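With these hints in hand, go ahead and build the complete structure from the sequences.
Residues per chain, in single letters:
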Amino acid sequence: MACLLAGSLILPIMLINSAITDELRSSFLHRYEDLYAASGSELVFLIAFVLLCLYFLVTIYARYWGSKSIYTYLTLPVGRLSLYWSKLAVFAISLLLLIGVQFLVYRLGYSIMAGRLSGIRLLISGLTSDDINFLMNNGLYLAHVRSEFSRILLPLGFSRLLSSLSLFTAISTGLYYGALCERSRKFYGFIPVGVTAYLVVRVLLYRMNEASHALNPTSLYPSSLLLLAFAVFFIVHGSQIIRRGAIA
Amino acid sequence: MPFVQKHAALLALAVAVILVLGAAIDVHARKNDGTFYLKDISGSREALDGVTISGELSDGYQRTVFRLADGRLDTHSSWNGQPEWLGTSWRMRTGSKTIPGRFYNVQNEGGAFSLSSHDTDESGSSIGFFKVARVSPPLSFPNGALYSNQLNYGIAVMGERVFYTVPAAAGVKGKSIIYEVNFYDWAESHFMQPNEYESRAFIEYSLASEKAPHRGISVLGLEAVGDKLVLLTEEDETLRIRSYDSAGGALLGDARLPDFREDVLPTSKSFYRASYLSDAEDQSNRLFLRFQNLSLTRPLLLSVNLTDGAEVESAVRMTLGDEQEEDSFQGFTYARERNGKLYVMKTVREINEELPGFYRLMLPLHAYIFVYEDSRLIYQGEFVTDLNDDSIELATRPDPSRGISEDPMRYRAFRNLAIE
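Protein chains in written order, with our numbering: chain S, 520 to 767; chain W, 2 to 421.
Keep in mind that the hints were calculated from the coordinates and are not lab data.
It should be emphasised that the depicted structure is a prediction, and the values quoted were computed from it without experimental measurement.
Keep in mind that the hints are not guaranteed to be accurate.
Unchecked claim - Derived lysine-lysine pairs resembling DSS-like cross-links, with alpha carbons at most 27 Å apart:
1. 342(W) with 98(W)
2. 606(S) with 98(W)
3. 705(S) with 587(S)
4. 40(W) with 342(W)
5. 606(S) with 587(S)
6. 587(S) with 40(W)
As the list claims (entries may be wrong) - Cβ-to-Cβ under 8 Å is the rule here; a few derived chain S residues that face chain W:
7. 548
8. 565
9. 623
10. 655
11. 660
12. 678
Positions of the beta carbon are idealized from the N, C-alpha and C atoms, including for glycine.
Here it is as structure tokens:
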């Protein structure tokens with residue numbers, strides 16, 4: 520877990536740094552949000568996100584392998600619900616931590632770019648940082664507001680906040696619910712999980728390209744409410760499965 | 002250490018929340034960190050008393066709304082949850098003006114002039130079938146004399162009524178007529194009798210100069226202001242502005258601006274380009290005109306009051322700064338007459354002759370406010386903003402062959418200007 524977070528912090532910064540080096544070599548300076556996307560840092564986040572989900576699944580299944588601690592947990596005289604919530608909370612916190620690290624990366628990357636843009640001379644046009652200021656005024660703000668990726672993680676406005684929150688809850692509860700269904704042999708549970716996955720992908724595709732949907736924007740409220748409804752179902756049914764001990 | 006182990010989850014949650022909330026608070030706090038202030042260049046800011054200049058500097062993602070009332074500037078920045086489509090900065094113009102939702106095209110088809118009306122959508126592109134009309138004025142074109150302007154400068158639109166006159170150059174003989182044009186569906190025209198699609202001759206005017214009848218006049222264009230038609234001609238080195246009643250066609254006013262010469266493609270510095278721009282303010286019955294000169298550094302601004310006849314209220318022969326020119330790419334000029342003064346907001350681009358053509362388009366734009374009283378400059382100020390920062394990526398581009406972007410989603414521009 521710690522390795523994952525450290526990797527998602529260090530790797531993008533190295534990528535951003537090398538992307539800036541490339542830019543200075545080619546004398547073509549992108550805006551920071553474009554540079555960030557082009558450096559591959561968004562991909563690193565995606566990979567880290569997937570790895571975190573896999574790691575979460577592994578911790579669930581690890582209770583059945585080896586120590587078989589799940590049977591101990593289920594027989595302990597504590598509420599089985601706390602088992603459900605603690606597992607879910609740990610996963611949610613880990614995801615949140617990953618997102619938080621992403622903001623740290625965004626910020627550090629910007630500082631690195633700002634530092635390296637002073638005192639340079641471009642090879643082809645011959646412009647130097649004395650002629651023109653290569654850094655946008657208030658650029659970090661603009662990079663946040665103008666980057667589709669950043670606006671998913673740091674939503675602007677209530678509808679986007681609701682959408683991001685519903686994505687977050689639907690992904691975390693859906694993944695856990697899927698695993699619980701598999702353990703309790705309730706395979707019909709994969710249907711709502713599949714529908715949710717489809718919705719999540721659709722919403723993400725839309726929000727990764729919001730600028731190109733500007734002419735015919737879609738309201739995000741229906742998808743957000745639907746995702747939240749699924750999340751509530753996952754929690755209710757998932758905790759029921761645990762309470763009945765069906766996963767043993 | 003036992004404490005950390007015991008509360009690891011809570012600590013992790015705290016760190017995560019601090020990181021996320023910190024980023025959110027940080028971005029929110031930087032919202033108003035952009036540059037936006039008014040710099041006085043000449044004159045006293047008292048010239049701005051009693052007037053409100055408002056608008057926004059925006060791109061698809063965010064905007065800064067500004068309001069300059071009595072010389073005091075307020076700005077407010079905000080972002081868009083859903084990026085906004087702001088239309089292309091390039092508009093289909095009909096002659097000197099942009100007609101919302103429509104544009105007109107005119108062609109000469111063997112003596113007759115064929116007009117077409119196109120509906121446009123938000124993005125400015127043509128949609129659907131178009132309508133056509135045809136007029137055949139009794140004109141003859143001797144000695145190569147042809148037109149003094151693009152043909153669609155002769156179109157004036159007043160609600161559903163469309164008027165047209167041919168922008169004939171000096172030397173064209175015959176009778177010039179302002180038609181009220183009758184448009185019909187292009188697809189149906191094959192089944193119509195000629196008299197069904199004839200346009201009505203509405204107003205006749207002479208193509209000979211009043212002072213020296215052997216010399217002709219150049220018809221520059223036709224404009225509509227409220228319920229009046231305005232005919233612009235150049236005769237005897239003056240700009241003649243005639244106002245007609247659109248109900249009966251009576252001549253209401255006749256004004257002249259002395260010392261005015263124009264040409265389609267001027268060769269001398271003292272000539273203005275015929276392709277002027279106009280902006281009609283219907284409720285105050287005013288017409289604002291802008292002519293450019295050859296070098297794009299000495300524009301002529303006119304405000305014409307048509308309330309009672311026709312009167313040239315302000316005639317400003319502007320002189321831009323030494324290393325500045327009008328920007329025909331992204332520049333704009335917005336003028337209004339208030340409290341007996343002419344208020345002008347205008348963007349001007351810096352010139353650097355040493356730079357190759359492509360890089361000149363990324364030279365800084367300056368947004369100025371000019372105030373004129375009796376056609377004399379009494380105040381000049383500049384809105385200092387971060388507008389030019391968006392062009393940094395162009396400035397550093399080594400290969401101009403890929404062209405440059407004017408994507409309104411990514412590039413800030415002044416929009417929704419109003420002078421009250």
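Open item on the list: Going through the numbered hints above, which ones does this structure break? Give me the numbers in ascending order.
Closed with: Hints 2, 6, 8 contradicted; others consistent.
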